[in-house]
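Start from the sequences and build out the full structure, keeping to the hints where you can.
Listed below, chain by chain, are the residues.
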Amino acid sequence: MSTQLKKGTLELCVLGVLSRADRYGYELVEIISRHIDISEGTIYPLLRRCLNDGLFDSYLKESDQGPPRKYYRLTDRGKTIYAAQRLEWDSFSASMNRLLKEVDQP
Amino acid sequence: MTEHDYLNELDSALTALPKAQRDDILDDYRSHFYEARERGKSDDEITHALGSPKVIARTFVADYHFNSWQSPVDGQSLGSRFFHLSRGLLVLLSLLFFNFFFILWPVVAGAMMLFAAWVVIAVTGLISVIFAVIGLVGGVSGLVLPNLSAQFSLFFYAVGTGLLAAMTGYALYQLSQLAIRGILRYIKLNIKLIAA
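As given, the protein sequences belong to chains A and B, one line each in that order.
Counting in my numbering, the first sequence runs without a single skipped number right up to 110 at its last residue.
Counting in my numbering, the second sequence runs without a single skipped number right up to 688 at its last residue.
Hints are computed from structural coordinates only; laboratory data are not their basis.
Here are the computed lysine-lysine pairs in the DSBU-like style, where the Cα-Cα straight-line distance is at most 35 Å:
| id | chain 1 | residue 1 | chain 2 | residue 2 |
| --- | --- | --- | --- | --- |
| 1 | B | Lys546 | A | Lys65 |
| 2 | A | Lys105 | B | Lys680 |
| 3 | B | Lys533 | B | Lys546 |
| 4 | B | Lys511 | A | Lys83 |
| 5 | B | Lys546 | A | Lys83 |
| 6 | B | Lys533 | A | Lys74 |
| 7 | A | Lys74 | B | Lys511 |
Below, the structure is given as structure tokens:
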């Protein structure tokens, strides 16, 4: 998959995963890279940007073993933006699929 | 690469950022290493999956500058804001064209060497043609060179050199094609490195 396409959709991936539950950084990387081949290091600049933009906030939570983990939580603003981006994506991918199906027809 | 090397490289590429932010970023990567190692991964696997620390650092630096431009701190001068804007654009450009100079240097050096070789071959070829003609014409008219044997030896030397030049030229042509393919692949590789 083209890297440009991946980059543009990585934010949507993160928002989507966080819309279900709060996650810490490595968990996000794990979940996303299970489906999409990414350079794992690129996710942290994105997380910082989203924090700055107020899409989510972070809090520390003790873990059973090891140091406390930094969890990310979607803010109301983040939820609104996720809903809008998701709508856009769904309609775009539906149109794309329709177009490609039409092209494939003999 | 070990965790230590990776974090060091990241840290030294983040010097444009205030200390607190830098430490915060390093903490994120430190816990990434911790979590990944907990899951049985080796340092090599982890650093490979993370991607180049230099490129990652550049993303942070570009973001930092653009942020300082967009939401200035109280009392921040306009000059300082424009400084951040220009720095941000510069870093962004360097991200787009990845290590512009880093890529370009070897390419430019290689291209110049090839070009110099072509010039030498072309000049040698031209001179040998000129001397061959002189040898022939001189042989016919008896004007340029004192005797026939000198004319003949000049002619044959010139033809010999000409052939050698032609052969070297052919080899050079093959080499140039190889070099162009190599350069394209090299640039593609670099682009892949940034984009990933």
